[in-house]
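Enquirer: Each protein sequence line maps, in turn, to chains A and B.
Using this note's numbering, you'd call the opening residue of the first sequence number 27 and step up by one each time.
Using this note's numbering, you'd call the opening residue of the second sequence number 14 and step up by one each time.
Read the hints as simulated data drawn from the structure, not as lab findings.
Errors might be hidden in some of the hints.
[To be verified] With a straight-line cut-off of 30 Å between C-alpha atoms, the simulated DSBU-like cross-links for lysine-lysine are:
1) A:K297 x B:K37
2) B:K235 x B:K205
3) A:K32 x A:K273
4) B:K37 x A:K208
Model, not experiment: these values are computed from the prediction.
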Amino acid sequence: MAAGFKTVEPLEYYRRFLKENCRPDGRELGEFRTTTVNIGSITTADGSALVKLGNTTVICGIKAEFAEPPAQSTNKGYIVPNVDLPPLCSSRFRPGPPGEEAQAASQFIADVIENSEIIMKEDLCIANGKLSWVLYCDFICLDYDGNILDACTFALLAALKNVQLPTVTINEETGLAEVDLKQTNPLNIRKHPVATSFAVFDDTILIVDPTAEEEDLATGTVTIVMDEEGRLCSVHKPGGSGLTAAKLQDCITRAVTRHKEVKKLINKVIKSIKPK
Amino acid sequence: MAGLELLSDEGYRVDGRRAGELRKVRARMGVFAQADGSAYLEQGNTKALAVVYGPHEMRGSRSKALHDRALVNCQYSMATFSTGERKRRPHGDRKSSEMTLHLKQTFEAAILTQLYPRSQIDIYVQILQADGGNYCACVNAATLATIDAGIPMRDYVCACSAGFIEDTPLADLNYVEEAAGGPQVALALLPKSDQIALLEMNSRLHEDHLEQVMEAASKACKDMYAVLDQVVRDHVHEVTTLLGE
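Use the sequences and the hints to build the structure in full.
Expert: Here you go:
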């Protein structure tokens, strides 16, 4: 009976739940789905992390390569993110070149890296003007159930924490780089940006961590990226219904709490793999 | 090749296995919520994920629909971080397209496509970490995913690779053994009826040795069948216990 009503009038079905201040999967409006993270499972990558936000699963693999620093800033390296939403994660995606959503997500992650200064590009330089690291961050969504941006940001943070770069010295005489694979150093992670996404219903109600169904029914979305000192790194609101300043302030408050939860989780995971 | 002994005098390979021994296989079915059927399989260090959608209506060009059977659509893709060197093109390059075609042909032989005319079955395989035996891990993972999706098949499809070093056939080659350049055979078998779905061999092998290598590959496939069968039974047992049957 309920299933029939849900198919015919999905929005009405949802409104009935929202009136009681809860959602069909039993969560409250401000509650996140169970978050699990697994670090370092892919040994061929220099750093890797698998993040599950409820059913949404994203795996991030980071590979480091050498490159010449850019001409305008010879003391910087590169970080290149790429988000892939393959047809295996959901039937809404077709095989072929990256669609709109994948490209928008890639650009969002690039902006987060740039704005939050999670890694200073100067740290990636090995020899000024000659050699620097380029970190390719590849995200593959394995199961799409909404809220890709949060999952990708979290996976990025976890994977970067897991990266071990070998020490590189430039031989004075030959000018060639010598790589020592046994001496590895972790990256210097300066800031810890955490993203929190909200979906807007009927221009008034805000729900946190939307599933794919909720995203389809929503009239707008907002993503807020915070870092640890309660500083706002970025606010991403791609069109959709308007929000008052008060509502935006509520979102920011929720994002601060979420940051604490995520930080605790990451620290717990890092500690559990420490014995090396 | 210089310095690396693929088969020691005592009969041990580089990773400590015996000539006819398979790598450790770990598999889970039903890992993803969105897909109709999914499976994750690890064969040693090779990690493969298979996802099946279908049978469903034809997407894209209706003209490609077959009037009497289902169309099997595969895609083989390797993650850019799956190999030692970063892979620039995850799919669409020649090797991936060839693998895709082989997967499609293998599964068309095994799935009872006549039961679903004018529909489409999608099989997507993703390699997360490549350490030799990529095709074989994909076929095994895809078999589990197809079973998880409830699509009727003639038989399991079990695949394994085999090589030949110093007059000894080796089963289930890893990346080091594949890169050494000796003859390699990839075999996809329907174990109960002993029918070969796909057989691929490269490099050169004397015809006198062919039978030995084929037998080693066949035996390895049957061992794989035992493992996969156990995985399926355990999964069904777990699911029915949860349902309270």
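Enquirer: If a hint holds in the structure, say so; if it does not, say that too.
Expert: Tested hints:
1. A:K297 x B:K37: Since the Cα atoms of A:K297 and B:K37 sit roughly 28 Å apart, the hinted pair holds (cutoff 30 Å).
2. B:K235 x B:K205: holds (9 Å)
3. A:K32 x A:K273: holds (29 Å)
4. B:K37 x A:K208: Satisfied, since the Cα-Cα distance of roughly 28 Å is no more than 30 Å.
Violated hints for the displayed structure: none, as all numbered hints are satisfied.
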